[in-house]
Amino acid sequence: MTLEELMVKQREFARARDWERWHTPKNLVMALSAEVGELTELFQWLTPQEAGAACAEPAARAKVEDEIADVLLYLVRLADVLGVDPIAAADAKIGRNEGRFPPGVGRTALER
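Residue 78 in this note's numbering sits at position 78 of the sequence shown, with consecutive numbering throughout.
Since the hints were derived computationally from the structure, they do not count as laboratory data.
Check the hints yourself; a few may be wrong.
Said to hold, decoys possible - Only pairs whose alpha carbons sit at most 30 angstroms apart, straight line, appear in this in silico DSS-like list of lysine-lysine:
no. : residue 1 : residue 2
1   : K9        : K93
2   : K63       : K9
3   : K63       : K26
4   : K26       : K9
5   : K26       : K93
These numbers were taken from a predicted model, which means no experiment stands behind them.
Please model the complete structure; the sequences and the hints are all you need to start from.
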């Protein structure tokens, strides 16, 4: 499935349930924030090593996948409601970041 197909599927899902009236940018951002919080909770008290292995066990992986999916779905829905092409926006942002952060300059905050 392409991102455009996912966007259309989410739009149709909301329309079929008459949820469009609640899918305002403010509400979608709030829901997105809540889902990011749920994803954060899965990693909150893990060591870096534990976090790196968070998907090694099937049940834990399923939880991480569900929360990543929730974040993605709300983000895609928000982009659709706002008329933002997320791929074009991300590509433009990468271009700006390439100018702001040239290779080999200030690799970490501690080196600055």
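**Prompt:** Taking 30 angstroms as the top limit, are the C-alpha atoms of K63 and K26 close enough?
**Reply:** Given that 30 angstroms is the threshold and the Cα spacing comes to 26 angstroms, the pair holds.
**Request:** Measure nothing beyond the straight line between the CA atoms of K63 and K9; if it is 30 angstroms or shorter, mark the hint as holding.
**Result:** holds (23 angstroms)
**Request:** Sort out whether K93 lies within 30 angstroms of K26, counting only the CA atoms.
**Result:** holds (23 angstroms)
**Asked** Quick one, are K9 and K93 close enough, alpha carbons at most 30 angstroms?
**Response** holds (26 angstroms)
**Message:** For a C-alpha distance cap of 30 angstroms, please report whether K26 and K9 respect it.
**Reply:** Satisfied, since the Cα-Cα distance of roughly 21 angstroms is no more than 30 angstroms.
Against the hints set out earlier in the document, no violation occurs for any number.
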